[in-house]
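Quick note, the sequences are listed as chains A and B, same order.
First residue of the first sequence? That's 1 in my numbering, and the numbers climb one at a time after it.
First residue of the second sequence? That's 1 in my numbering, and the numbers climb one at a time after it.
In case anyone wonders, no lab produced these hints; they're calculated from the structure.
Treat each hint with caution, since some may be false.
[Claimed, not checked] With a straight-line Cα cutoff of 25 Å, these simulated SDA-like cross-link-like pairs (lysine to any residue) come out: (1) K208(A) - S271(A); (2) K9(A) - V101(B); (3) K273(A) - S35(B); (4) K9(B) - L47(A); (5) K133(A) - E359(A); (6) K338(B) - E376(B); (7) K208(A) - L226(B); (8) K195(B) - E200(A); (9) K95(A) - D136(A); (10) K6(A) - R106(B); (11) K9(A) - S19(B); (12) K173(A) - V343(A); (13) K208(B) - E200(A); (14) K122(B) - E391(B).
[What the hints assert, rightly or not] Per label pair, the in silico range of CB-to-CB distance: (15) P311(A) - H227(B): 36 to 42 Å; (16) E492(A) - A116(B): 53 to 59 Å; (17) K173(B) - S45(A): 54 to 60 Å; (18) G443(B) - Q458(A): 58 to 64 Å; (19) E200(B) - P311(A): 23 to 29 Å; (20) V101(B) - L84(A): 39 to 45 Å; (21) E344(A) - E200(B): 29 to 35 Å; (22) E140(B) - E2(A): 31 to 37 Å; (23) H227(B) - D62(A): 46 to 52 Å; (24) G443(B) - K5(A): 54 to 60 Å; (25) Q458(A) - N392(B): 50 to 56 Å; (26) Y11(A) - H22(B): 19 to 25 Å; (27) A116(B) - K5(A): 28 to 34 Å; (28) D62(A) - V101(B): 30 to 36 Å.
For every residue, glycine included, the Cβ atom is placed at its ideal position computed from N, Cα and C.
There are 2 protein chains.
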Amino acid sequence: MESFKKFWKDYSTIGDIISLLHWDSEVMMPEDARSERGDQIAYLSSLSHKMFTGDECAKLIDEYNNYLEKNLPINKEFGKREMLILERDRNRALKLSSEFVEKFARLTNFAHGVWAEAKKEKDFKKFEPTLNKIVDMSIEMADKYGYANEPYDALLEGYEYGEKASDLEILFKSLKNSLIPLINEAKSYPNPFKKEVSQEFQNSFNQKLPSILGLPNTSSRLDISLHPFSTGMGAKDKRITTRYQLEDPISSIFGVLHETGHALYEFGLASMKEYPSPVVSAVSLGVHESQSRLWENQVGRSRAFWDYFYPTMLKEFSIYHYDLPFDDFYKFINSVNKTKIRVESDQVTYNLHIILRFEIERDLISKKIKVSDLPEIWNAKMEESFGVKIENDAEGVLQDVHWSGGAFGYFPTYTLGNIYSAQLFNQFFSTHQSFWDDVSKRGDFSSLKNWLNKNVYQKGRLLEPKELIKQATGEEPNSEYLIKYLKSKIQELE
Amino acid sequence: MESFKKFWKDYSTIGDIISLLHWDSEVMMPEDARSERGDQIAYLSSLSHKMFTGDECAKLIDEYNNYLEKNLPINKEFGKREMLILERDRNRALKLSSEFVEKFARLTNFAHGVWAEAKKEKDFKKFEPTLNKIVDMSIEMADKYGYANEPYDALLEGYEYGEKASDLEILFKSLKNSLIPLINEAKSYPNPFKKEVSQEFQNSFNQKLPSILGLPNTSSRLDISLHPFSTGMGAKDKRITTRYQLEDPISSIFGVLHETGHALYEFGLASMKEYPSPVVSAVSLGVHESQSRLWENQVGRSRAFWDYFYPTMLKEFSIYHYDLPFDDFYKFINSVNKTKIRVESDQVTYNLHIILRFEIERDLISKKIKVSDLPEIWNAKMEESFGVKIENDAEGVLQDVHWSGGAFGYFPTYTLGNIYSAQLFNQFFSTHQSFWDDVSKRGDFSSLKNWLNKNVYQKGRLLEPKELIKQATGEEPNSEYLIKYLKSKIQELE
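Assemble the whole structure, with the sequences as input and the hints as a guide.
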């Protein structure tokens with residue numbers, strides 16, 4: 001057992017170093033170093049892959065299983081879960097040959113440049129032949145992984161274990177039916193900031209947030225990157241980023257709240273006493289996203305949150321020279337805008353973007369539609385759901401990076417995150433009704449963080465994603481609480 | 001030969017990643033991550049050590065040597081040099097068992113804390129038992145490495161190949177004899193800055209410097225750390241740091257100039273067409289230091305340099321509200337202060353600090369003096385050379401970190417750097433007499449950078465350190481040019 005622990009520590013160490021190489025390349029690295037950095041990441045990734053799929057790992061699993069059979073350690077159940085998770089991940093990894101993995105990595109690496117160029121020129125035709133290859137390889141990959149019902153499930157499983165396209169279809173249909181009338185009823189509110197807010201002022205406010213929400217400054221950093229992200233290079237080294245728009249200082253704040261949610265989850269996981277272990281890891285992308293969305297939306301767009309932070313924000317932003325009425329500000333951060341661009345969209349519209357992508361990529365992987373038909377299908381669906389006309393491919397089918405990376409099955413986890421976050425928060429609040437008072441009066445978020453720590457963070461991968469939500473809330477995952485939350489928010493603003 | 005190149009590329013990649021782990025820990029890392037970071041560095045260092053000393057490396061050397069014997073490749077001479085350098089380094093590394101290396105690493109890691117504590121309490125007695133162990137192990141290490149004349153040579157060789165204590169003794173004696181009267185004759189000039197200069201203002205000026213001196217912004221960064229340093233995590237990723245004192249804005253600038261000199265050398269090395277290779281590496285610490293000192297002192301403390309940069313500096317520092325006469329400024333940056341602290345000392349006094357340390361550590365390693373006598377010896381020598389009285393151990397024998405790290409033989413390379421820099425610059429200037437004009441009128445440093453590129457950077461480890469200096473300047477290394485430079489500087493100010 002000790003040799004397995006040592007092995008897993010080394011394996012985790014390599015993973016942490018790879019995370020630093022990535023973080024540095026997005027936040028710090030001089031631009032000419034990109035290709036060398038690629039070599040560095042490739043070297044360690046290959047080392048890590050060899051460790052995971054190699055014979056020594058198999059031998060250690062056998063030894064560990066034997067030990068668990070023949071002894072009665074106090075943590076026998078935990079050990080069995082560790083081996084179940086590890087073997088599951090390992091068997092999946094072994095289904096692809098290293099040649100296939102490398103070929104796919106080269107293709108998607110190349111595709112990133114082609115996609116960026118096509119998006120710049122607003123011309124899907126330029127991306128079509130490459131995307132065709134990615135879709136073909138993704139279908140081949142699904143066949144290699146294997147599935148019971150449809151190939152999309154095999155890809156989805158990599159992001160959200162236990163999730164099925166047929167279940168998502170039902171879940172998303174009820175959500176979509178509720179969202180479309182909601183979006184048509186909701187209002188858009190204008191940006192109340194009359195002047196630009198400098199990056200220094202925004203940053204000065206943002207730097208205060210993570211530690212107040214519960215992420216210690218001594219174990220984390222907040223920096224700037226092109227796209228906000230969250231990562232970790234150790235149990236006590238969680239790093240988040242945001243980006244700054246001078247005319248809309250709100251966007252950097254919500255970037256920080258979102259990424260802090262991710263980082264709190266990772267920080268909580270790493271405080272499990274069994275760290276590092278295959279079980280001490282995020283259970284799924286959907287649950288991960290629920291943690292970011294919960295702090296961004298349920299908490300960050302609440303009246304209580306801003307009752308507490310508004311004076312500080314005005315002070316840090318040096319807004320004394322004109323009126324910025326709280327009400328205008330509060331409406332703006334909860335405005336519904338039906339934007340065509342997913343990453344710029346509000347919390348209501350966002351889910352329609354995701355459902356559209358899910359429907360399209362599921363049909364692509366089932367060969368029901370062809371890559372060449374994508375722009376037409378995309379634009380028709382946008383008109384149907386949003387009532388908006390797409391003018392060109394850049395604001396349509398080419399807007400997102402995911403497909404160029406071969407990440408089919410990833411999109412639905414964003415909306416699962418929204419659904420889970422509303423359901424989790426509803427359950428928390430039903431037993432912690434003084435929470436909004438704690439927040440608005442004292443900026444005290446500890447009851448929420450403690451509840452999440454107990455019900456989500458410290459669960460690691462002990463339960464499957466849906467089981468975790470069920471155990472935490474007493475109900476199967478369902479979209480009822482998200483719809484209720486969005487409805488009440490819209491009504492509150494009117 | 002191809003398999004050796006692949007091996008060396010992987011080995012270099014690991015080294016670059018280790019450099020990033022170190023850089024990040026000094027510049028970015030949240031404090032609670034220190035122990036995990038130690039594990040990460042230890043993991044990769046052990047991997048790197050195993051690669052270097054392992055059987056595969058030996059096999060590849062044999063194959064490469066066979067190939068060179070049986071074929072006539074165009075780069076046969078280069079290949080032979082590669083193997084000579086590699087075998088020399090490898091044989092040295094193999095002389096210490098991994099147990100010994102680990103024991104020494106644990107001891108010095110522990111000693112760092114003990115030294116810091118003792119320095120804080122200004123009490124050498126607290127450090128004495130630990131330093132005793134380090135000295136004992138260093139003597140043991142020298143025995144393992146082996147030597148012809150005295151044990152100190154075996155340690156020195158690790159930093160400055162081909163250098164001997166007996167040669168240093170002669171070189172340093174003549175230098176010391178010239179420096180002591182010079183120091184007594186030289187004047188100290190007061191700080192002419194009447195107000196603090198903010199870190200933002202200083203940084204704004206400093207960020208301009210490296211690229212003007214020839215280090216491209218697209219391949220480098222300048223950040224802040226506790227102690228200035230220079231490192232690289234790839235051929236096109238050279239990073240330097242400085243530190244800021246608000247009341248003395250000059251110190252951060254000279255930090256930048258010094259570290260830029262180191263980085264230019266490393267950047268020039270990595271542009272050798274054979275990169276990466278055992279030959280494409282700094283030839284010695286003395287030559288490395290000559291590159292930093294040359295840009296810091298010969299260039300950075302020159303009148304021409306400041307003729308060009310002074311107006312920019314005043315502008316960036318927002319110094320309009322009071323007079324800062326150029327002459328006062330120029331005297332201040334060339335002031336001689338006889339300070340007791342090495343890292344705060346001027347370019348004249350500095351070398352006396354080094355010679356004192358060399359004399360002491362040589363005697364320590366030869367067992368001519370005992371660790372317990374160090375404070376007394378230190379203080380007596382300070383009085384003799386500087387005419388100053390040491391009040392406590394913190395400003396005396398405990399001031400430097402090096403001995404706690406077991407780095408005996410490191411100090412002399414600082415003064416070798418000063419000697420080499422004066423000798424190199426003298427040779428360059430004798431054939432490029434328009435240089436000061438190019439600098440003062442146009443900020444054009446290209447002739448110097450090109451000369452160094454040809455005569456130092458692109459030589460890699462093709463020559464031994466002393467040969468390199470001789471080939472570049474036509475003379476054996478000697479202290480004449482350093483003394484001449486310092487004398488003329490002092491006379492100029494009077």
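Consistency of the hints with the structure:
Taking the CA atoms of K208(A) and S271(A), the gap is near 23 Å; set against the 25 Å cutoff, the hint holds. At roughly 22 Å between alpha-carbon atoms, K9(A) and V101(B) fall within 25 Å of each other, so this suggested pair holds. A distance of roughly 17 Å separates the Cα atoms of K273(A) and S35(B); the hinted pair therefore holds under the 25 Å criterion. Our distance criterion of 25 Å between C-alpha atoms is met by K9(B) and L47(A), whose separation comes to about 15 Å.
For the hint pairing K133(A) with E359(A), the CA-to-CA distance comes to about 20 Å; that is within 25 Å, so the pair holds. For the hint pairing K338(B) with E376(B), the CA-to-CA distance comes to about 20 Å; that is within 25 Å, so the pair holds. A distance of roughly 24 Å separates the Cα atoms of K208(A) and L226(B); the hinted pair therefore holds under the 25 Å criterion. Between K195(B) and E200(A) the alpha-carbon distance is near 24 Å, which keeps this suggested pair within the 25 Å criterion.
Taking the CA atoms of K95(A) and D136(A), the gap is about 17 Å. The hint holds against a cut of 25 Å. Taking the CA atoms of K6(A) and R106(B), the gap is about 20 Å. The hint holds against a cut of 25 Å. Restraint check for K9(A) and S19(B): satisfied, since their Cα atoms lie roughly 21 Å apart, inside the 25 Å limit. For the given pair, K173(A) sits about 22 Å from V343(A) by alpha-carbon distance, which is consistent with the 25 Å threshold.
Taken as a hint, the K208(B) and E200(A) pair is honoured in the structure, with Cα atoms around 21 Å apart against an allowance of 25 Å. Distance hint between K122(B) and E391(B) is fulfilled; the C-alpha atoms sit about 10 Å from each other, no more than 25 Å. Checked against the hint of 36 to 42 Å, the C-beta distance between P311(A) and H227(B) comes to roughly 40 Å, which is consistent with it. Between E492(A) and A116(B) the CB atoms are about 57 Å apart, so this pair conforms to the stated range of 53 to 59 Å.
Checked against the hint of 54 to 60 Å, the pair K173(B) and S45(A) passes, with Cβ atoms roughly 56 Å apart. Range check, G443(B) to Q458(A): about 60 Å between beta-carbon atoms, so the 58 to 64 Å window is met. Range check, E200(B) to P311(A): Cβ separation about 27 Å, and the 23 to 29 Å hint holds. Between V101(B) and L84(A) the CB atoms are about 40 Å apart, so this pair conforms to the stated range of 39 to 45 Å.
Evaluation of the 29 to 35 Å hint for E344(A) and E200(B) yields a pass: the beta carbon distance comes to about 32 Å. Between E140(B) and E2(A) the Cβ separation comes to about 32 Å, which falls inside the hinted range of 31 to 37 Å. Taking 46 to 52 Å as the suggested C-beta distance range, the pair H227(B) and D62(A) conforms, at roughly 50 Å. Between G443(B) and K5(A) the CB atoms are about 58 Å apart, so this pair conforms to the stated range of 54 to 60 Å.
Taking the beta carbon of each, Q458(A) and N392(B) are about 51 Å apart, inside 50 to 56 Å as hinted. Checked against the hint of 19 to 25 Å, the C-beta distance between Y11(A) and H22(B) comes to roughly 22 Å, which is consistent with it. Judged by the Cβ atoms, the range 28 to 34 Å given for A116(B) and K5(A) holds: they are separated by roughly 33 Å. In this structure the hint that D62(A) and V101(B) lie 30 to 36 Å apart at CB holds, the actual value being about 34 Å.
When each numbered hint is compared with the structure, no violation occurs for any of them.
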